[in-house]
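Chemist: Sequence:
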Amino acid sequence: MSGLLALLDDVAAIAKVAASSVDDIAAAAAKAGTKAAGVVIDDAAVTPKYVHGFSADRELPIIWRIALGSMRNKLVVLLPGLLALDHFAPWVITPLLMLGGAYLCFEGAEKLVHAFAPHADHEVEKDFDTKDPTHLEEEKVAGAIKTDFILSAEIMTIALATIESPSFWMQAITLAVVGTFITVVVYGAVALIVKMDDVGLHMAATGRTSGGRALGRGLVLAMPKLMAFLSTVGTAAMLWVGGNIVIHGLEVTHLWAWPYETIHHIAEAVAHAVPVAQGFVEWLVTAALDGVFGLILGVILIPIATRVIGPLWATVTGKKAAAH
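Numbering (the numbering used here), first residue to last: 55 to 378.
In case anyone wonders, no lab produced these hints; they're calculated from the structure. Cβ atoms here follow ideal geometry from the backbone N, Cα and C, with glycine treated the same way. Do not take every clue at face value.
[Stated by the list, open to error] Dumping the calculated EDC-like pairs for lysine to aspartate or glutamate here, alpha-carbon to alpha-carbon at most 20 angstroms:
(1) K249 with D111
(2) K279 with D252
(3) K279 with E315
(4) K249 with E191
[As the list claims (entries may be wrong)] Taking CB as the label site, the calculated pair distances span:
(5) K200 with I350: 32 to 38 angstroms
(6) Q332 with F222: 21 to 27 angstroms
(7) W310 with R267: 55 to 61 angstroms
The task is simple: from the sequences and hints, build the whole structure.
Modeler: Below you can see the structure in the form of structure tokens.
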């Protein structure tokens, strides 16, 4: 009997430890998610543009495919990869993030070049000239998952840096919780945004009150403008986040600290010149200057990517240059 009581006591102690671990994981996940909130917002702003122009019945399937790709990015590739790098070669993480940031700068600048000068670069124009809807969907999904990989890498890296635990499994579980939660929140929000026009159409057609029907018509009229706005915000977010990653990486690796220090000093000076909301003003100026840096870097990278890296990659993989 005493042996049974001792066993039950051990089980109770294990249960207490397990409960404490769950609380620790939840707290660490919440803290990490808060730290990564800025990149999460960027991710939510970037994604809706990938379903722009498709028929309504293809919007949710496309978002679902991108969400699955995002989950695979976070849990299958990034989680074990970042944990391994953090343990064996932590110095590699910053250069890899800088490469990802440079890709975001390139993609954001490419969107702007196409918007303001559609025929400025033959390779860029061919990249956008996709006639087959099925092929277009595949291109959009693949592009969204690639962009998500960069943003997810930033989110997961921020989360990993925030987790204060010597336990490998605690880090792994917390990263998995953060990655899953953020994916659900981001793509759930995106699904609501892109289907809001259908909700408005339903309200306009079946609303029982004139106010409800008017609200539905307002949603239908407002959603194209909102989607265009989110597309613009998404492009700006690519430049801002990409520029910030590269600038921070240059400063951390001591390769070129001037951009970081200059932007920091300008943002502080502008913030001190205003009487209120100095923290917000400093963040806003920093984000704007990071975006300008990202745009300049992206414009520089466009001819390098389309005329050097693209054809070289096509040669290596055996694909035609137009399919890059």
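Chemist: If a hint holds in the structure, say so; if it doesn't, say that too.
Modeler: For each hint, the structure was consulted:
no. : hint                               : result
1   : K249 with D111                     : 10 angstroms, holds
2   : K279 with D252                     : 15 angstroms, holds
3   : K279 with E315                     : 38 angstroms, violated
4   : K249 with E191                     : 18 angstroms, holds
5   : K200 with I350: 32 to 38 angstroms : 22 angstroms, violated
6   : Q332 with F222: 21 to 27 angstroms : 41 angstroms, violated
7   : W310 with R267: 55 to 61 angstroms : 58 angstroms, holds
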